[in-house]
Amino acid sequence: MAEGIKDKAAIIGMGCTKFGERWDTGVEDLIVEAFKECIDDAGIEKKDIDAAWFSTCFDEVNIGKSAVGLSSTLKLPFLPVTRVENFCASGTEALRGAAYAVTSGACDMALALGVEKLKDTGYGGLPDFGAVMGTRNRLVLPNLTAPGGFAMMATKYFDKYGLKPDEGKRMLAHVSSKSHHNGTLNPKAHLRKEASIDKIVNAPMIAWPLGLFDCCGVSDGGAAAIVVRAEDAKKYREDPVYVKGIQIALSSGEEMMYTDWDFAHVETAVHAAERVYKEAGVKDPRKEIGMMELHDCFSITETVTYEDLGISKRGHAKEDIESGFFDLDGTIPSQPDGGLKCFGHPIGASGLRMMYEMYKQLQGKAGPRQIDDPKLGLTHNMGGFPPYNLISISILGL
Amino acid sequence: MSGITSYGAYIPLHRIDRMNIYQAMGWLNPATMTRGEKAVANYDEDSITMAVAAGIDCLNGIDRNEIDGLYFATTTPPYIERQNAGIIATALDLRPDIQTADFAGSTKAGTAALLSAYNAVKAGSAKNLMICISDSRLGKAGGSEEENFGDGAAAFVIGNDGVIANLEGSHSVSYDFADHRRAEGDRYDRVWESRWIRDVGYDKFIGEAISGLLKKSKTDIKDVAKVCYPCLYIRDHAKIGKGLGLEPGQIQDHMFTTVGDTGTAYSSMILTAALEDAKPKDKIIVASYGNGSDAILFEVNEEVEKMKGKKRGIKKHLEVKKDLASYEKYASFREMLPIDIGIRGEEIAFTQVSMAYRERKEVLGLVGSRCKRCGTPQFPPQRVCVKPDCGAIDEMEDYRFSDKKGNIFTYTEDHLAFSFNPPAIYSMVDFDGGGRYMFDVTDCEPGSLKVGMPIEMSFRRKYVDRKRGIHGYFWKAVPVQE
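In order, the protein sequence lines correspond to chains A and B.
Quick note, the first sequence lines up with residues 1 to 398 if you use the numbering used here.
Quick note, the second sequence lines up with residues 1 to 482 if you use the numbering used here.
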């Protein structure tokens, strides 16, 4: 494996909008809101930026294809701007592009900005899933939704590890309940209410066995980062955050079409984790990772991710979940900002929103959510659905 | 001798008790009270999908490459232009160098197709011709037709080798008798007075056709084991038999109180039921009804015994049923009630016809590929083998999944996805012999699925795009019912 980009790129400023059902706010407003906080935090001006990476996903209901939406909204002066879209990992892809660009020397300062305006479709949930699967798949795949695609993983996880539906649902409820608690401490979160385990297991069913609280919200939001080469970082601030590793992995087709995969874990995550630990020099993630923002689109996703990342033993996430290992005061707090669970999932923004929390935590600026000695922060996105997906993982540190 | 070499049938899983319809709509027309139940197509079934199901039953044990043509008969073709038989032939994965045709316009189109197939085989222009006969007619809410019309299908292969029932003769009568009619754009039949239909049409035409057949073939009615003809009115069904001099035991059960009047498919389904119980040397007569009648005489051979146990036919389909307790659900499935499908339900993506044609074997035929190097079956068809340690490029052969059984690897019941029958149930299916893909599951209730449950594949309507005139079809998984 190549040596990677550990400690070669640094984040010197970040911004993140308030997430939620922003009925009065358009996608251009969200872009400006995230950008303004980001450049103020970095202490730079627009003219200092050399290039930008722009992440969005559902452009049919959003800002349209290409990156002109970003450059014209921010009046970027004829800069090179690239739009990236890779399902739910789009935001992380934007940062990956920016980090590679400064590291290669192609530019000195790059902007990564992700945004998504989802609440203009007239219904709950993500826009028609079929639309993003390609025209041929649409003729043959079920009319599936994201909850349904992930619910099948819960069905199989319960079956494989012999969990009775009630037992499995209570385990998943702990995952969501923990995040709801964290969300109450975050003014930028969409959902800011506690949710008890009983309330969660008794909620209306969305896609069996996942109930309402097993699913993340759907909201509008944006987030942004300014990235420079590591050696330049201290010119801008005392406490830059360094990229230790950033990797992605995509389905090979065998999950969907070959009968070996068990549908009780995410194979791509195993590969992405292995690569990112190598890049970041992490030998024992359970000891070295201090906090995580995982792609909790659904409680089951977060559950299997604990195992896929090598934090929990295969088939034993339940023990860690129920012992409070991932709670805010636990050993490796997960979703300290409230996660997708409380932020909702404006696709293009989520990866950058997760990094925003890691960045603030590492700088000691996370207020009531502040984690003592956060060591390394890990972010994880999962796009698509379990048999047809992609994973991005980043590790950030001081 | 030429004749029937195989048969098959299909009756949809759902039945509705006619009392249920009457309780909902009897207030409108108290005279419509009719006894028994009728078979109802699921929301994702139509005359094409039922024809495919009967065709699969009929083809069980037959090499599909031996079929030289397919005739489809119906009065409810989803397409007026775009041959419906072509869709069925592709779904059945028949060869493309065959003759296909739609027979329509009358409920006697099924026997017309059968006679045409027989004539072609007898003339030597084809060795084996398949016919699929199917109907799913809609009666107006509260009318007699709503009570009477049932849904179902039958299929036959006509050939020279392995004939189970020789076709001994036929006699047809044709009258421009406008008892039922649907003009361009009509959804429902317009019907003339029932007494006129009964006395001037139904009783007379069937009697005339059968009498003519007996005379022509010099057959004594006493030597006929079973006579099969449709039932429009229960009392008159018996009356026709009596008029012909038949003992009650010679009249094949009309299925009016179990399936209903299945239009074009009706007489053929009754014939299929008769063949299931037939003994060698039995003489069987079938007569259709609709703008006249075709009567056909068969004599059963020893070969009929070979069919036993191979076909679901009528009997097994009658045994497996599910009561559709709600009239409102029935009316919604048949799109008689404009239900709130929500914005999600209104979103129907544009169908790329050229792409659907390119992928027709995959989409309509459920044909995937199998790697010639490692033997792994895969769907959709791939050019690069999906088996991780193989990866052979362009070493594939066609592999048909539609006739493979499988099991539920995992599943969900999705309340968010749009469905005409929520929750949308779908699953990952592992096929016996290899291959995995994700499919909708139909003809099943929430709470009834389990990991590992056996399934089989069923051709269904995936969507209807009324704005662009597209009926989209694909395959769904169905729990094995027997």
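Heads up, some of the hints might be wrong.
What the hints assert, rightly or not - Quick look at which bits of chain B chain A covers, simulated, 3 or more residues with Cβ under 8 Å:
| hint | stretch |
| --- | --- |
| 1 | 207-214 |
| 2 | 337-346 |
| 3 | 407-421 |
| 4 | 424-436 |
Claimed, not checked - From the derived model, a few chain B residues whose C-beta atoms are all more than 10 Å from chain A:
| hint | residue |
| --- | --- |
| 5 | A31 |
| 6 | P96 |
| 7 | T100 |
| 8 | N160 |
| 9 | A178 |
| 10 | R190 |
| 11 | A225 |
| 12 | K387 |
| 13 | S402 |
Simulated from the structure, these hints should not be mistaken for laboratory data.
Note that the coordinates shown come from a computational prediction; the quantities given were computed from them, not determined experimentally.
In this text, a Cβ means the ideal position worked out from N, Cα and C, and glycines have one as well.
Task: Closest CB of chain A to the CB of N160/B still more than 10 Å away - done: Check passes; 38 Å lies beyond 10 Å.
**Prompt:** Would you say T100/B is clear of chain A, with no C-beta pair closer than or equal to 10 Å?
**Reply:** Holds, because the least Cβ-Cβ distance between T100/B and chain A comes to about 22 Å, which exceeds 10 Å.
*Residues of the stretch 207-214 of chain B with Cβ under 8 Å from chain A, three needed, outcome*: violated (count 0)
* To do: Say whether it holds or is violated: P96/B keeps its Cβ farther than 10 Å from all Cβ of chain A.
  => Correct as stated: the minimum Cβ-Cβ distance to chain A is 20 Å, above 10 Å.
Once the closest CB in chain A is found, is it more than 10 Å from S402/B?
-> S402/B clear of chain A: closest Cβ-Cβ about 13 Å, beyond 10 Å.
Quiz item: Going by Cβ atoms, does R190/B stay more than 10 Å from chain A at every point?
Solution: holds, 36 Å
key: Minimum Cβ-Cβ distance from A31/B to chain A exceeds 10 Å   = holds, 42 Å
Checklist entry - Okay, the stretch 407-421 of chain B and chain A, do three or more residues pass the C-beta test at under 8 Å? => result holds (count 11)
| Within 8 Å of chain A (C-beta), three or more residues of the stretch 337-346 of chain B | holds (count 3)
K387/B non-interfacial with respect to chain A [C-beta, more than 10 Å] = violated, 6 Å
Next item on the list: Would you check chain A against the stretch 424-436 of chain B, counting CB to CB pairs closer than 8 Å, and say if three or more residues qualify?
Entry: holds (count 8)
query = Was A225/B rightly flagged as not at the interface, with every chain A Cβ beyond 10 Å?
reply = holds, 47 Å
Hints 1 and 12 from the earlier list are contradicted by this structure; the remaining hints agree with it.
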